[in-house]
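Quick note, the sequences are listed as chains S and E, same order. Reminder that position 71 of the first sequence reads as 71 in the working numbering, one-by-one numbering, no gaps. To convert, take the position in the second sequence, counting from 1, and add 1000; that gives the working numbering.
FYI, nobody ran anything at the bench for these hints, they're computed from the structure. For each residue, glycine too, the CB sits at the ideal point set by N, CA and C. Be a bit skeptical, because a hint or two may be false.
Unchecked claim - Stretches of chain S that chain E covers, calculated by requiring three or more beta carbons in the stretch to come under 8 Å of a beta carbon on chain E:
no.	segment
1	1-10
2	51-65
3	97-103
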Amino acid sequence: MTELTLQVVLTVAAALVGTGLFGALSQQSIVMVMMGLELVVNGVILAAGAAWAYLTPQLPGAQVLVLVATVVMAVEMAMGFSVALAIYRARQVDTVDAAEDLAG
Amino acid sequence: MTELLVLAVLGAAAVCTGVLVFVVDSMARATFSLLASFLATGVALLLMDLAYLGLLTILMMTIEMAIMAVFMIMLMMNPAGLMPMTMVHNTRGSVVVGVVAFVVLTVGVWTVDWPDRPGPRPADATAQVGEAIMGDYMLVMIVVGVVLLATMVAGIALATHRGRYDRFGPDLDRDPDDPVRGGLPR
C-alpha cells in the first residue's frame, strides 16, 4: 500500500511538472510564464515530500530538498517580478514575444 | 487506504486547478487557480506528517499569489477576463513537450522497483529538518541565505525607478541635481 501511495503521488507530481512545462513554453505573458515555472516547482515539492514520507522518513534529506524548492520558488518570483517591472518601465513590454531581441 | 484516497483526491484537485491556470480567460482567476493547486499540495504535505513544510507552503503561496494578483492587474492586459482572448505561441510544440515529460516521468514512477520503507516516521519531522539544517546540511542553509540576500539586492536594483546614473549623469564627480540636498549640514 505504501508503494502504491508513493506511485500515485509521484504520478500527480509528474502531471504537475508536465502541465507547468506546457504553460511555461506556450504562454506569451511574462507573468503566465512564471506561473508555469511555479507549477513545475510545485510538482518537485510534492515529489520530495512523498519521497520523505514513503521512502526515507528516517533521513532529513528529502525535507531539506522541499525547503530548497520553496526558496527557489521565492527567488524565481522576486527576480521575475523585478525583471517584468524593469522591462515594462523601460519599454512597456509585458509579453515574451515583444522582448525577443533579448535573445541576442 | 484512507490516506491513499485522500491523497488521490488532493492530487486530482492540484492537477485540475493547475490545468485551469492556462484555460481560464481571466488572469486574476488564473492566479487563484494556481493558489488552489498550491493549497492542495500543502494539505497533501500536512497529510504526510510534514507539518512545518506543509504550513510553510500554504502560508507562503497565499501571500505570493496575492502579490501576483496585484501584478496581474497592474501590468497585464485583460486582467478580469472581460474579453475572451488567448495569448499563446507554439501550442502544439508545448503540448508535445508537456505530455512527453509526463509520460517519461510516469513510466519511471511505475517501473522503478522502489525500496521498502526503512522505518517509521519520526515523532517530530520539524525537529528533524531543523536539526539537519543546523547540522549536517548547514552548507545548504548558508547557500540559501546568500542566495536570498543576493535576490533582495538584485530585486531592489532592478525595481527602483531611478539609479545612480540618472542622478549624476556620466560625470560622477559633480553634485546631483536633487531637489533637496542630502548630507549634513543642509
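Hints and how they fare:
1. 1-10: holds (count 10)
2. 51-65: holds (count 11)
3. 97-103: Violated: only 1 residues of the segment 97-103 of chain S have a Cβ under 8 Å from chain E.
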